[in-house]
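K.L.:
Once you've looked at the hints, dock chains L and B against the given chain V.
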Amino acid sequence: MWEKIAYVALVKVHQQVLEVRTSGRSFTNISREVQQVVAQSGVSTGLCTAFVQHTSASLVIQENADPAVLRDLARWMSDLAPESRHWEHDSEGPDDMPAHARSALTRSSEGIPVARGRLVLGTWQGLYLWEHRATGHRRRVVVHVSGVS
Amino acid sequence: MWEKIAYVALVKVHQQVLEVRTSGRSFTNISREVQQVVAQSGVSTGLCTAFVQHTSASLVIQENADPAVLRDLARWMSDLAPESRHWEHDSEGPDDMPAHARSALTRSSEGIPVARGRLVLGTWQGLYLWEHRATGHRRRVVVHVSGVS
Amino acid sequence: MWEKIAYVALVKVHQQVLEVRTSGRSFTNISREVQQVVAQSGVSTGLCTAFVQHTSASLVIQENADPAVLRDLARWMSDLAPESRHWEHDSEGPDDMPAHARSALTRSSEGIPVARGRLVLGTWQGLYLWEHRATGHRRRVVVHVSGVS
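From first to last, the protein sequence lines are chains V, L and B. Under this note's numbering, residue 149 is the last one in the first sequence; the count climbs by one each step, no gaps. Under this note's numbering, residue 149 is the last one in the second sequence; the count climbs by one each step, no gaps. Under this note's numbering, residue 149 is the last one in the third sequence; the count climbs by one each step, no gaps.
The shape of chain V in the complex, shown without the other chains (with noise of 0.2 Å):
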C-alpha cells in the first residue's frame, strides 16, 4: 500500500527556537509544542527537523503510552554510561562526562515528515528531549520547517 502526494511551488521555509525548561534527568515530551510550530509555519507537506543545541541533553523519539518504559530507558543508560566509571573529564561534575555519552547514543537531530499539516509520528510515537545533567537547565531547540502549502 502506497499514499502519495506531489507538489512543484515556491517552498515555505519557517524557523523557531523552543526554549526547554527541563528537570534533572528527565523527559519533557515536546511534541505539542513542535505540531505548533509546524501549524504557524502554514506548512502542509514537507519536512520538519529538530535540533538540539546542546551535548549533554538529547532527543529522541519514544512511546508515549506507558511511562515506565521512560524509566526502563533511564536506568538502563544509567548502566550503559554510569557515573561510577573513571572519566577524565570531571572538571563539571560526576554527571556531566556521562551526559555527554549518553547524547552521543541518542540523537541531536530528529527529522519528521509533515503531511495535511501534521508531524506523522506514528500512533505510540513522542518526540522527547532527554535531559542528561543531574539538575534541571533551559535548553534551546531549534524548529526548522520547509515544504509547501
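Wrong hints could be hidden among the right ones.
Here are the in silico distance ranges between beta carbons for each label pair [what the hints assert, rightly or not]:
1. R85(V) to A68(L): 24 to 34 Å
2. A9(B) to G93(V): 18 to 28 Å
3. R118(B) to S91(L): 45 to 55 Å
4. A68(V) to L10(B): 47 to 57 Å
5. Q40(V) to A134(B): 42 to 52 Å
6. A134(L) to A134(V): 48 to 58 Å
7. N29(L) to A6(V): 21 to 31 Å
8. A6(V) to P82(L): 40 to 50 Å
If the Cβ cut is set under 8 Å, some of the chain V residues that face chain L in the computed set are [what the hints assert, rightly or not]:
9. I5
10. I61
11. G122
Covered stretches of chain B (chain V as the covering partner; in silico rule of three or more C-beta atoms under 8 Å from a C-beta of chain V) [said to hold, decoys possible]:
12. 8 to 15
13. 33 to 47
14. 51 to 65
15. 99 to 105
16. 139 to 148
Hints are computed from structural coordinates only; laboratory data are not their basis. Glycine is no exception: its CB is placed at the ideal position from the N, C-alpha and C atoms.
P.N.:
Chains L and B in isolation, oriented as in the chain V frame:
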C-alpha cells in the same frame, strides 16, 4: 576534491508511505524501495528523509556486502539491551522493552541526499529497517523527498 | 521565548562532497568545512544535512571545548563495542566489526538548520567525523543545503 551542484528553482515535494512486512528480529534492506520513491518524485538534486513510525523497530545504515556484519550487530545488540535484564515495562512481552531500547540507540529518521536522481548511498551502504520484536510486524516508513528536477 | 523567521520563495539547493583524510580512531572537527559549504550555497534560512558514505566511520555532535571529552568518549565506546569480543565478521581485521557497531550507535546523517547564513550549532557544539578504523582513511561526507537566500 569538491563536487558542486547548485539550483534556484521551484521545489518539488513528494511523499509516500512504504509498508514493510518484517520477520522477527531481522534486517530488511529497503534501499531499493526508497530509491523507487526517489525516482517517482522526479527530484534530481535534493534530500530524501526516511522516518519509521514505530518505537520497537528502527532504521540503520550498514554494510550490504557480508551478511555476517548484520548477524554480529544483532548478537551484540542483544547483549547491550538484553531480554534477561529486569525491565519494569513487561506487559507486552519480554522482547518489547529491549526493542524500545535498541530503537533508542539506532535511528527513527535518516536524511540521505539525492544527486542525479539517486540516493547518494556509498558503495557498501544499505538502508535497513531493523525489526527488534521477536515476531514479524507490518511496519510503516514515511519517505519524504524534496528538491529540484 | 521564540524567534521566528518565515519565507515563501524559490528554493536554493546546493550540494558538495567533502573529502576528509582521517587518522586511525580519531575525531575530525568538520564544522568549519561544512559552514564553508553553507556560505557558498548562499542559503540564509534553510537546512544543512551532512551524510557520511561509510559504515565504519560516523558523525557525532559533541563538545568542542575540552579535548578530554572526546578521549573519554573513545575509551568508553571501545568498551561498549570491544575488539576483544568474538565477531563472526573478521575478514577485514579485528577493528572492522567494532567500527560497524560504533557507527550503528552514532550517526550516518545529521540535519542542522541554517539561520542568517550560519549553522545553528550551539556555542559548545562541534560536528565531528569519527573514524572508527585503526588506520586513517579518505572519507566522503556529502553536504546538502537547501533553503532561501
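K.L.:
Per the hint of 24 to 34 Å, is the separation of the Cβ atoms of R85(V) and A68(L) within bounds?
P.N.:
holds (31 Å)
K.L.:
Count residues of the stretch 99 to 105 of chain B with a Cβ under 8 Å from any Cβ of chain V, then say if the count reaches three.
P.N.:
With 1 residues closer than 8 Å to chain V, the stretch 99 to 105 of chain B misses the three-residue bar; violated.
K.L.:
Just tell me: holds or violated, for the beta carbon distance of Q40(V) and A134(B) against 42 to 52 Å?
P.N.:
With Cβ atoms ~49 Å apart, the hint holds.
K.L.:
When the nearest CB of chain L is found for I5(V), is that gap smaller than 8 Å?
P.N.:
Where the cut-off is 8 Å and the nearest Cβ of chain L is about 5 Å from I5(V), the hint holds.
K.L.:
Between the beta carbons of A68(V) and L10(B), is the distance compatible with 47 to 57 Å?
P.N.:
holds (49 Å)
K.L.:
Just to be sure I understand the hint, the distance between the Cβ atoms of A9(B) and G93(V) should be within 18 to 28 Å; is that true here?
P.N.:
violated (46 Å)
K.L.:
Evaluate the given range 40 to 50 Å for the C-beta pair formed by A6(V) and P82(L).
P.N.:
At 44 Å between Cβs, range holds.
K.L.:
Does G122(V) pass the interface hint, meaning its C-beta sits closer than 8 Å to a C-beta of chain L?
P.N.:
Cβ of G122(V) sits 3 Å from chain L, so the hint holds.
K.L.:
Is the distance from the Cβ of A134(L) to the Cβ of A134(V) consistent with 48 to 58 Å?
P.N.:
violated (36 Å)
K.L.:
Check, residue by residue, whether the stretch 8 to 15 of chain B contains three or more positions whose beta-carbon lies closer than 8 Å to a beta-carbon of chain V, and give the verdict.
P.N.:
It holds: at least three residues are needed, and the stretch 8 to 15 of chain B offers 4 whose Cβ sits within less than 8 Å of chain V.
K.L.:
Can you let me know if the beta-carbon spacing of R118(B) and S91(L) is within 45 to 55 Å?
P.N.:
holds (47 Å)
K.L.:
Are N29(L) and A6(V) spaced within 21 to 31 Å by their CB atoms?
P.N.:
holds (25 Å)
In the structure shown, a violation is registered for the earlier hints numbered 2, 6 and 15, in ascending order.
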